[in-house]
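Chemist: These are the residues of each chain, in order.
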Amino acid sequence: MTTAPAGAPQRRETSPRPTDRPTAPRGRRPMTAGRRANRAGLAFVSPTFIVVLVVVVLPIAWTVLLAFQRAKLVDIQGMGLFGNWSLDNFAQVFDSAGFWSSLTTTLLYTAGATLGSVALGLVAALALRKPFHGRGLLRAAMLLPYVAPVVAVAFVWEVALSPQYGVVNDWGRHLFGWDDPIAFLSTREYEVHLLGMHVDIPLALLTVIAFECWRYFPFAFLFILARLQAVPDGLEEAALVDGATVSQRFRHILLPQLMPVIALLCVLRFIMTFNKFDDVYLLTGGGAGTNVAAVRVYDFLTARYDVGAAAAQALVLAAALMILLGFYFKLFGNKVQEES
Amino acid sequence: MTRKAALTRAHVEERIFGVLRWCVIAFLAVITLLPFYYMLLLSVKPIDALLLDPGSLLISAKDFTLATYRDVLRSTDDGGQGFLRFLLNSALVSLGTVALTLLAAVPGAYAVSRLKFFGHRQVSALFLAVYLFPATLLAVPLFVVFAKMGLSSSLVGLAIVYVAQTVPVSIYMLKNYLVTIPASIEEAAALDGCTRLQTVRKVILPLTLPSLMATGLYVFMIAWNEFLFALLFLAAVPGKWTVSLGLAQLSNGIEVPKTVLMAGSVVLTIPVVLLFFAAERLLTEGLTSGADKS
Chain D
231 MTTAPAGAPQ RRETSPRPTD RPTAPRGRRP MTAGRRANRA GLAFVSPTFI
281 VVLVVVVLPI AWTVLLAFQR AKLVDIQGMG LFGNWSLDNF AQVFDSAGFW
331 SSLTTTLLYT AGATLGSVAL GLVAALALRK PFHGRGLLRA AMLLPYVAPV
381 VAVAFVWEVA LSPQYGVVND WGRHLFGWDD PIAFLSTREY EVHLLGMHVD
431 IPLALLTVIA FECWRYFPFA FLFILARLQA VPDGLEEAAL VDGATVSQRF
481 RHILLPQLMP VIALLCVLRF IMTFNKFDDV YLLTGGGAGT NVAAVRVYDF
531 LTARYDVGAA AAQALVLAAA LMILLGFYFK LFGNKVQEES
Chain H
-8 MTRKAALTRA HVEERIFGVL RWCVIAFLAV ITLLPFYYML LLSVKPIDAL
42 LLDPGSLLIS AKDFTLATYR DVLRSTDDGG QGFLRFLLNS ALVSLGTVAL
92 TLLAAVPGAY AVSRLKFFGH RQVSALFLAV YLFPATLLAV PLFVVFAKMG
142 LSSSLVGLAI VYVAQTVPVS IYMLKNYLVT IPASIEEAAA LDGCTRLQTV
192 RKVILPLTLP SLMATGLYVF MIAWNEFLFA LLFLAAVPGK WTVSLGLAQL
242 SNGIEVPKTV LMAGSVVLTI PVVLLFFAAE RLLTEGLTSG ADKS
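Going down the list, the sequences are from chains D and H.
FYI, the numbering for the first sequence is 231 to 570, going by our numbering.
FYI, the numbering for the second sequence is -8 to 285, going by our numbering.
Worth double-checking, as some hints may not be accurate.
Said to hold, decoys possible - A few chain D residues facing chain H, derived, Cβ under 8 angstroms:
| hint | residue |
| --- | --- |
| 1 | Val377 |
| 2 | Ala382 |
| 3 | Leu531 |
| 4 | Leu547 |
Think of the hints as simulated: they come from the structure by calculation, not from any bench.
Where a beta carbon is used, it is the ideal one built from N, C-alpha and C, also for glycine.
Chain D with its partners taken away, still in its complex shape (with noise of 0.2 angstroms):
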């Protein structure tokens, strides 16, 4: 890391200091500061580097090698890192039962937890800033479900929907006459009477769509606050004297300099939630119709030993996201960028 000569003000390559600038090239060594830059760059990179290379590209790399391997867990051991090819895991991840049912659970998971949670974190924005009494203090406390650790929130959650013992089925029963408990983790589909209309509704699919509202709403909370503080004044002025209402300064004024940091959220958001494996693991371990694609790569990786198959498993579920967002940045590209 020493290997960088006394600091050069690297970043200024255009006009350098009088006592930076390369005298006659004296020996073979005329380092100017671009190169200093350059050598001190790499130096400290690499440490960076290699520790990101060593254990994330690699593992990465490997897990690629190994979905197209027959491997379980046993025969790793004497296993070369290039085995006998085939396509068999995939051939096994499509075919199982489930595979598209488990693709679209992700796909309503992820989409309704991301729209969800943006959108509450959005209103609670508009409705925290302007400053009132206790702001700081409720704004500290709405951060809490982000910062809890999920396994303790997801039993609190656990427990107050149990059918048993749990507040919101005694609450539900005393004050909206409910005359059931409603096991809200565990009902795959719910019959709702409207209107003389009967309609299923996937319940614990929605309860845990709720919960993933819930947890990540105060991740946007923060950044739409944090963006909404920074639009100048004027602008709002501007429009308050022309009379515009103040739904119309939202949609006009608001909604135009919020747009890329809802953009870039939703996109954050939504890979997180296509990848998120333990909340909905721990609320119902994948049953009642919320078998995630995540959950399932746990499955195959501990229930059957089977790394080939849970490699693979992960894969395609890296490859759907990647065309996913291959669409929405073809659609949206240019206000992500903007904002990143």
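With chain D held as given, fit chain H onto it using these hints.
Modeler: Relative to the frame of chain D, chain H by itself:
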């Protein structure tokens, strides 16, 4: 006429949204605070009181008990659940992760934000792209490698995995802060004869302290709260469980009263919430800096 109409519409909207705003604020306060209050409440209730009246959100003085905490914290030899041990494990893993992550992320963030070197665009893109890869994708090979190396049930192995999860975000957070430090400060240090390493250590690091703390806190939170990898690597060795894992296993195991489970949840939540409240402003600014420029 139209002006008057517009004015009244503005007036009506002002009213509606004014009321709506307070409804939203109340709603948010309820949904964020109530679950945590509920957790705390159940943790100090005997299980009978809960079963008798599940809807009660209050506790009477005669019901109040701390036996649940005694049960959760006491070591397994004494018939408890051994959460003190788990707390220690979690603390070790989390602090180790913070140290390792900062060690790896600081030079990288500095290089990416300050130095123009060959491939610096690609490298920062790579760091961000890594952030987008699913944990499940990493879980498979790491599971195998660790099984092979015998690291699969060690806290060190777990910390290494967490570093992989946190380095990209850390670089991003630190980088956003570093670019706000004027380069002229470094130039002055260079003129005073500091080498670049000295400049970083003596000038940049002290200036970056707020961001370092925010990043460290964030990393700590991630490591403390993590569940998937702890479950994959440590499930077989109860002595090495982190609090998250311990709590999850507790709920799966032999019938444990829900109130004890809630006491475990409180124990798991308190350290991270305390840390968070101590440095809330720092963290939120560290996370969102860079979000407000468009």
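Chemist: Each hint needs a verdict: does it hold in this structure or not?
Modeler: Now for the hints, and whether the structure bears them out:
1. Nearest Cβ of chain H to the Cβ of Val377/D: about 5 angstroms, under the 8 angstroms cut. The hint holds.
2. Proximity of Ala382/D to chain H holds as hinted, the smallest CB-CB distance being about 4 angstroms (cut-off 8 angstroms).
3. A cut of 8 angstroms between beta carbons decides the hint on Leu531/D: the least distance to chain H is about 6 angstroms, and the hint holds.
4. Hint on Leu547/D holds. Least Cβ distance to chain H is approximately 6 angstroms, under the 8 angstroms limit.
Hint compliance for this structure: every hint is met.
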